[in-house]
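Counting from 1, position 42 in the sequence shown corresponds to residue 42 in full-length UniProt numbering; the numbering is continuous, with no gaps.
Source of the hints: derived by calculation from the structure; they are not laboratory data. A couple of the hints might just be wrong.
[Said to hold, decoys possible] Taking CB as the label site, the calculated pair distances span:
id, residue 1, residue 2, range
1, D113, T89, 49 to 55 Å
2, T89, E17, 23 to 29 Å
3, L123, R83, 54 to 60 Å
4, F126, S69, 41 to 47 Å
5, L123, E61, 41 to 47 Å
6, F126, L153, 36 to 42 Å
7, G134, F224, 32 to 38 Å
8, D111, A133, 28 to 34 Å
9, T103, A144, 55 to 61 Å
10, D104, K23, 22 to 28 Å
Yeah, the Cβ is synthetic: ideal placement off N, Cα and C, and Gly gets one too.
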Amino acid sequence: VTTAVDDPRLGLGVDMEKFQELKSLVSAPATTGDVDNNDEGGEGRSGSSLNSASVRRAYEEAVYHDTASGMIVSSYPVPPPPRDYDPATYEPDFMVIVALDETDIFESFYDLDDAVNEEVTKLVVFTIIVGFAGLALLIGIIFAVSVRLTRPLTWMNRVAHLIVNDFGGNENKIKMDPDDLDRDDPCRSVAFRCLPRSCQRLSSGASRRRLIIRTELSDLLVEFKKLVAKFSGD
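Please work from the sequences and hints to get the whole structure.
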């Protein structure tokens, strides 16, 4: 069973008019400059003559894209033009038609482009996530350090507010729990604190400890000393 080259069932994207055009390249007149005495074939011709090299070049350039079928079509005569090519006597027995789907040719490039775009998208998303995570971690560290550094100041501010505004009220009266008093060693009692060693000796020479009631001012003084020690590096 034979069929024509323009049979749509073949899907070549070639009609009869285009086929005749490709076939006629073996006898089409060459343009000036196509002929060279040193070209393959050895038969230098002038004017509109052809040689085997110019015919091959014509078929190499005769590649076209059929937009209707999406095929890229090229052709080549069989047998190829001989060295002693003469357009008056040479006629190909067959025409090899090569039709390739455009998507098959460029599919690898499309796949590569999609893969590159996907990797770039993943890299951008990863960079954004890492950036936000690092920013959140940095903010958390700054917040934790600021809270730790300002905790003594916050406490001092709260105690100072109580002393200035609320000290002396009924709710701030000192309530002494008998269990807070260590009768054997009052200096260890919660409700009292000892003065420094330099103030513990009385003028009589007796080694006694002077005790004062522990108030908010005492705690404020202790915290202030801690704060000074921390900022001074001690």
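How the hints compare with the structure:
no. : hint                    : in the structure
1   : D113 - T89: 49 to 55 Å  : holds, 50 Å
2   : T89 - E17: 23 to 29 Å   : holds, 26 Å
3   : L123 - R83: 54 to 60 Å  : holds, 58 Å
4   : F126 - S69: 41 to 47 Å  : holds, 43 Å
5   : L123 - E61: 41 to 47 Å  : holds, 43 Å
6   : F126 - L153: 36 to 42 Å : holds, 41 Å
7   : G134 - F224: 32 to 38 Å : holds, 37 Å
8   : D111 - A133: 28 to 34 Å : holds, 33 Å
9   : T103 - A144: 55 to 61 Å : holds, 58 Å
10  : D104 - K23: 22 to 28 Å  : holds, 26 Å
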